[in-house]
Amino acid sequence: MNPRAADTSLPRDGAVSSTPVVELRHVSLAFEDKLVLDDVSFRVGAGETLVLLGVTGSGKSVLLKLILGLLKPDAGEILIAGQNLVPLSEVQLYPFRQRMGIVFQEGALFDSLSVHENVAYRLREEGMTDEAKIEQQVREVLRFVEMEDAIEKMPAELSGGMRRRVSIARAIVSQPAIMLYDSPTAGLDPVTAHTINLLIAKLRDVQRVSSLVVTHRLADAFALANYTYSAEKQALIPASTDGGPGQRVPTQFLVLRDGTAYFWGSTDELTVAQDPYLRKFLA
Amino acid sequence: MINALIDKFVKRQVLAVQEFTELLLSSVRHAFSPPRYLVDTLVQMDVIGFGSLPIVVLTGFFTGGVLALQTYRTLSTFGETGLLGQVVALSMVRELGPVLTALMVAGRNSSGIASEIGSMLVSEQIDAMRALGTDPLRKLVTPRLYATLATLPLLTILSDFFGMLGGAVVSMSTARLSSAEYWTSAYQALEFEDVFQGLTKPFFFAVVVALVGCYFGLHTTGGTEGVGRSTTRAVVVACVLILVLDFFYTKFLIAAGFF
Numbered sequence: 001m002n003p004r005a006a007d008t009s010l011p012r013d014g015a016v017s018s019t020p021v022v023e024l025r026h027v028s029l030a031f032e033d034k035l036v037l038d039d040v041s042f043r044v045g046a047g048e049t050l051v052l053l054g055v056t057g058s059g060k061s062v063l064l065k066l067i068l069g070l071l072k073p074d075a076g077e078i079l080i081a082g083q084n085l086v087p088l089s090e091v092q093l094y095p096f097r098q099r100m101g102i103v104f105q106e107g108a109l110f111d112s113l114s115v116h117e118n119v120a121y122r123l124r125e126e127g128m129t130d131e132a133k134i135e136q137q138v139r140e141v142l143r144f145v146e147m148e149d150a151i152e153k154m155p156a157e158l159s160g161g162m163r164r165r166v167s168i169a170r171a172i173v174s175q176p177a178i179m180l181y182d183s184p185t186a187g188l189d190p191v192t193a194h195t196i197n198l199l200i201a202k203l204r205d206v207q208r209v210s211s212l213v214v215t216h217r218l219a220d221a222f223a224l225a226n227y228t229y230s231a232e233k234q235a236l237i238p239a240s241t242d243g244g245p246g247q248r249v250p251t252q253f254l255v256l257r258d259g260t261a262y263f264w265g266s267t268d269e270l271t272v273a274q275d276p277y278l279r280k281f282l283a
Numbered sequence: 284m285i286n287a288l289i290d291k292f293v294k295r296q297v298l299a300v301q302e303f304t305e306l307l308l309s310s311v312r313h314a315f316s317p318p319r320y321l322v323d324t325l326v327q328m329d330v331i332g333f334g335s336l337p338i339v340v341l342t343g344f345f346t347g348g349v350l351a352l353q354t355y356r357t358l359s360t361f362g363e364t365g366l367l368g369q370v371v372a373l374s375m376v377r378e379l380g381p382v383l384t385a386l387m388v389a390g391r392n393s394s395g396i397a398s399e400i401g402s403m404l405v406s407e408q409i410d411a412m413r414a415l416g417t418d419p420l421r422k423l424v425t426p427r428l429y430a431t432l433a434t435l436p437l438l439t440i441l442s443d444f445f446g447m448l449g450g451a452v453v454s455m456s457t458a459r460l461s462s463a464e465y466w467t468s469a470y471q472a473l474e475f476e477d478v479f480q481g482l483t484k485p486f487f488f489a490v491v492v493a494l495v496g497c498y499f500g501l502h503t504t505g506g507t508e509g510v511g512r513s514t515t516r517a518v519v520v521a522c523v524l525i526l527v528l529d530f531f532y533t534k535f536l537i538a539a540g541f542f
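Going down the list, the protein sequences come from chains D and G.
The numbers in the working numbering rise by one with no breaks, and the one at position 96 of the first sequence is 96.
If you want the working numbering, it's the position in the second sequence, counting the first as 1, plus 283.
Bound conformation, chain G alone (with noise of 0.2 Å):
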């Protein structure tokens, strides 16, 4: 009987893995043909984008003050207070932005992709699409990836630079640096591998953002209670994936020798 029970919890496990490589293929195909739904993409990446913006910039902001603080007391400790710059713009940049950026928006909009698909499958809005002649992956599914493949770097942008920002007021106010001093720091550390990782790491991470929450949704069963049990999945599986995605992309970067 456990036999039975291990080979049904792994069948299950390789059928998803499928299934989600299915919809990511076919999400990404349905770009190059018709019909389109631009309108539906640009009211996402209004959606997932410009929505996302307030919890960005205040993650962002105070990450990167939190790690100044945190930082300026061991530097201080070697008198090489100068470094925080350095400290917080290399960690934004490489890590800090692009992963706690994915999860932020992973929060919001896997869960909110999930329970707005989920409801739609269970209220059978899912198959009245289907019958008045619309793809539910090109209408839903499509313009969701395309939306967050758009929008994550450039949030992920934002929060680096609100990051360091952070990190400057708290250097200027606790640490007495002055800001040009501090933004010297910071921009000389800066090389193009750090830009590279930080700037490529959001691609990844947005098809795991809008895909999980699709993924979660067109799966939804069991009525209500299945979409609040989807939503909470995909923010977790979302959140899980993205930092397991992010260790090993780094550790591949590192091995190519980028850095």
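Just chain D, with the same shape it has in the complex (with noise of 0.2 Å):
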């Protein structure tokens, strides 16, 4: 039984605008005989955050791309600040994702280009030729994600967590309203892991830019939800409701199964669930 209809209608605990700046609309997408996504829809009001979570396979990084237009669904409607993004060429794309920055799974850094040019490269494309503005963004983001020591270091030179950090960095120098994140600490360790999510929250709460974070892994899952970041302490605090410092941000859950949207709510909605799937994933 599925335990909550993923209906846009149904008021969201902490909802804070009434025009989401993502709304996908009963999205459905299969590849060759494959039904990846069927009948999907969720939104996120600004300055929210979205956790996706669901087993490998059940469409989680897919409904990324499609939010970016990377992909093309075989129906339902993808609105980005109310516009919809389905009937958009590659060209009319272009100034959507300019509002938009994605940190993909292993980072995609350009490998041939050094760190610097990597988070340099949105801003030569959207045509900044000025190399003492391109050099004092760049040092300003890779400060923000603390990688500024490894400006001029190639991609193949840096672990993991730190081609992570600079994914992150290049992904915000244009300063993107919704960051999107495909599984930002697989593969990670669990202190490098705490470092991304640090950066996450920090970008969450300190620029208010509305997330949707895809991850398998339910403690970083439940740290976005439950921690905000301190620009005192540097560090997470556990977040607050009762409207001092560190209140917490809106933050919803969608779960996947098997392509379908199996329970789209709030934070505390999901964990006093009580479908034997949701209690079984959660466990």
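If you are wondering where the hints come from, they were derived from the structure by calculation, not from laboratory data.
It is possible that part of the hints are untrue.
[As the list claims (entries may be wrong)] Facing chain G, according to a computed beta carbon distance under 7 Å, are these residues of chain D, among others: (1) Ile102; (2) Phe110; (3) Tyr121; (4) Leu123.
For each residue, glycine too, the CB sits at the ideal point set by N, CA and C.
Take the two lone chains, each set in its own frame, and fit them into one complex as the hints suggest.
And the structure:
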């Protein structure tokens, strides 16, 4: 039994805006004979975080690629700030992609370019030619992810965690309003994973970006839901719900199962859900 | 079931031809509108053109040399060793220079292009490029196409020259021809039609070398194993296409009355 229909008309706990920044309506996609996504609907409001959970092959990464317009759905609509991306051509999608940053699973850094050139890539593509300004912005974001010292290194010289951090820097250099993370801590040790989670929370809480985080690591998912970034301590602190410092950021969970939106709800709703699949998933 | 398999196979080949044609048209078209990646084109000219110089020179030189060696044996039977220059020049300029140069460059660069682009595809760098606002065809394919178009004819000229030089070395050392005898014979044999076909063929071959590599790179599937498969297929298909194209283009020129 599906415990909760993914119904966009139901009010979401902690929703801060009536206009969602990202909205999927009845999206379906199949690769040849394999149904990857089946009638998936959800929305993410401004400043909110959506954590996508699911087993391997449940369609999580495909969802992120659909939102970015890298794939087209077979059915349904994908709206970014109210605009449907599905009918748009590749060139028409560029302005929307400028508002979004994505961190791919292995970083996807351009391995023939240095860290500096990787991060500067988007700035150059957008037509910026002032080298001093490019240098300043690149150093600023690298400082944010604590990778400024590696500015002249090549991706092959970086560890997995360092590549993820540079990938985050590359994604945020043009100050996107929406950040997409595809398994940002996959394959990392717990300490490095915590560093990545801290950066995600820092971006979310300091720059108030809307975030969609794909993960199959529950610890990371609940860390993002229940902790906020403290600029004073430069660390994650337990989020409060009483209006005090470290106010909990509205976080939704979307659990995918066999390509369908099996659960969509808040952190509290997920933790108290009695559905056997969810209980087994969370165990 | 066999019908279904044949149906699937035929459809796949037709789709491949369609996609290749679209790739060709879009990569040609991209040079006429911004953004144009001139720096990338220059870099590729260095990689494809200058980087292929040693193998093209060696291939040309030894091909001309062995051609002279083999032809000398036959010509000496009829006492016509003075024709060595003519034989080497015509063979190199009309056929061996363009085809062998294209095959060498295809072996080196179609594979390199396929593996580079294929690796980028499987590591999501192509997706990252699109996410950051770059058209991968403009950034990756068009520069490689125009770089190959610019450098392959030049490499062919060098191959022709070094082929004739190789033939000269053999002619003077084995056939005891004088340098003047050899080079005069070579120069006088060449006519406009020979040079025309020898220098137009590289443009068609360049399209094959660049785009076959790009096509297989962009259609890589299956991780690192898939990159290996794409690389191999790119070289095989490029080499076969060069030979097939050479045959039909030559036939066309004959039919059109070029020679």
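Outcome of the hint check:
no., hint, in the structure
1, Ile102, "holds (5 Å)"
2, Phe110, "holds (6 Å)"
3, Tyr121, "holds (6 Å)"
4, Leu123, "violated (10 Å)"
This entry does not satisfy hint 4, going by the numbered hints stated previously; all others are met.
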